[in-house]
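A.B. asks: Please model the complete structure; the sequences and the hints are all you need to start from.
Chains A and B are the protein sequences, given in the same order.
Letter by letter, the first sequence follows residues 1 to 112 of our numbering.
Letter by letter, the second sequence follows residues 1 to 115 of our numbering.
Among the clues, some could well be false.
Said to hold, decoys possible - DMTMM-like mimics (lysine to aspartate or glutamate), calculated; alpha carbons at most 20 Å apart, straight line:
| no. | chain 1 | residue 1 | chain 2 | residue 2 |
| --- | --- | --- | --- | --- |
| 1 | A | Lys41 | B | Glu10 |
| 2 | A | Lys22 | A | Glu67 |
| 3 | B | Lys55 | A | Asp85 |
| 4 | A | Lys36 | A | Glu84 |
| 5 | B | Lys70 | A | Glu44 |
| 6 | B | Lys102 | A | Glu84 |
| 7 | B | Lys102 | A | Glu44 |
| 8 | A | Lys52 | A | Asp85 |
| 9 | A | Lys22 | A | Asp85 |
| 10 | A | Lys18 | A | Glu99 |
| 11 | A | Lys18 | A | Glu84 |
| 12 | B | Lys70 | B | Asp26 |
| 13 | A | Lys40 | B | Glu10 |
| 14 | B | Lys102 | A | Glu99 |
| 15 | B | Lys102 | A | Glu53 |
| 16 | A | Lys36 | A | Glu67 |
| 17 | B | Lys102 | B | Asp26 |
| 18 | A | Lys41 | A | Asp85 |
| 19 | A | Lys40 | A | Glu99 |
| 20 | B | Lys78 | B | Glu61 |
| 21 | A | Lys18 | A | Glu67 |
| 22 | A | Lys52 | A | Glu99 |
Since the hints were derived computationally from the structure, they do not count as laboratory data.
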Amino acid sequence: ETGVTQTPRHLVMGMTNKKSLKCEQHLGHNAMYWYKQSAKKPLELMFVYNFKEQTENNSVPSRFSPECPNSSHLFLHLHTLQPEDSALYLCASSQRVAETQYFGPGTRLLVL
Amino acid sequence: AQTVTQSQPEMSVQEAETVTLSCTYDTSESDYYLFWYKQPPSRQMILVIRQEAYKQQNATENRFSVNFQKAAKSFSLKISDSQLGDAAMYFCVFIYGGATNKLIFGTGTLLAVQP
Chain A
1 ETGVTQTPRH LVMGMTNKKS LKCEQHLGHN AMYWYKQSAK KPLELMFVYN
51 FKEQTENNSV PSRFSPECPN SSHLFLHLHT LQPEDSALYL CASSQRVAET
101 QYFGPGTRLL VL
Chain B
1 AQTVTQSQPE MSVQEAETVT LSCTYDTSES DYYLFWYKQP PSRQMILVIR
51 QEAYKQQNAT ENRFSVNFQK AAKSFSLKIS DSQLGDAAMY FCVFIYGGAT
101 NKLIFGTGTL LAVQP
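C.D. replies: So, in structure tokens, the structure goes:
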């Protein structure tokens with residue numbers, strides 16, 4: 001399945017590092033999403049972009065900074081993260097918001 | 001506020017048997033979508049089935065079917081002829097695409113399939 005790709009697949013970073021997660025969709029969709037999946041917790045929606053415009057920010061700390069340069073690409077810029085930010089970060093896309101979402105394989109992030 | 005509840009943290013089924021996963025939700029909206037996604041050990045989230053709230057007919061995808069009870073706000077997933085590859089975490093998802101988009105995942109049900 002190559003509809004939604006995410007890089008890197010694994011990332012280890014220190015609390016003072018700056019890194020970026022990348023998501024790319026090849027489905028011609030107009031909406032893209034970032035989710036955080038931590039152990040023992042429900043999947044958390046972080047950001048929603050619709051036609052490159054951010055339409056939702058679910059009280060995400062400013063150390064997470066999304067960027068959507070076009071409808072096919074979505075980035076999540078990370079800086080001064082905390083160990084509790086270690087999680088699986090999932091990207092998804094859909095034709096329109098509220099329609100079927102297709103997920104990428106995720107980036108497993110470990111913050112030391 | 002919308003909520004999604006999956007009351008069964010874990011379930012187990014014998015291969016070739018049938019199992020039903022439950023999901024209830026709460027909303028004041030009338031037009032929304034409900035989904036079941038599965039997440040196997042690979043962590044890849046995969047769509048299982050989708051139901052539009054305005055449709056009375058229950059959705060079916062091969063061995064997977066839902067029992068959608070709109071008045072009761074219930075959306076259960078039935079897996080028939082269970083296979084080993086069905087072992088995964090199953091998430092019930094509510095999506096409302098109105099003026100304020102709402103996407104809510106349930107806490108998940110971990111399904112084990114016994115050979």
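A.B. asks: All hints, please: hold or fail.
C.D. replies: Hint by hint, here is what the structure shows:
| no. | hint | in the structure |
| --- | --- | --- |
| 1 | A:Lys41 - B:Glu10 | 15 Å, holds |
| 2 | A:Lys22 - A:Glu67 | 10 Å, holds |
| 3 | B:Lys55 - A:Asp85 | 40 Å, violated |
| 4 | A:Lys36 - A:Glu84 | 11 Å, holds |
| 5 | B:Lys70 - A:Glu44 | 25 Å, violated |
| 6 | B:Lys102 - A:Glu84 | 25 Å, violated |
| 7 | B:Lys102 - A:Glu44 | 12 Å, holds |
| 8 | A:Lys52 - A:Asp85 | 25 Å, violated |
| 9 | A:Lys22 - A:Asp85 | 17 Å, holds |
| 10 | A:Lys18 - A:Glu99 | 33 Å, violated |
| 11 | A:Lys18 - A:Glu84 | 16 Å, holds |
| 12 | B:Lys70 - B:Asp26 | 10 Å, holds |
| 13 | A:Lys40 - B:Glu10 | 13 Å, holds |
| 14 | B:Lys102 - A:Glu99 | 11 Å, holds |
| 15 | B:Lys102 - A:Glu53 | 16 Å, holds |
| 16 | A:Lys36 - A:Glu67 | 16 Å, holds |
| 17 | B:Lys102 - B:Asp26 | 12 Å, holds |
| 18 | A:Lys41 - A:Asp85 | 13 Å, holds |
| 19 | A:Lys40 - A:Glu99 | 27 Å, violated |
| 20 | B:Lys78 - B:Glu61 | 10 Å, holds |
| 21 | A:Lys18 - A:Glu67 | 15 Å, holds |
| 22 | A:Lys52 - A:Glu99 | 17 Å, holds |
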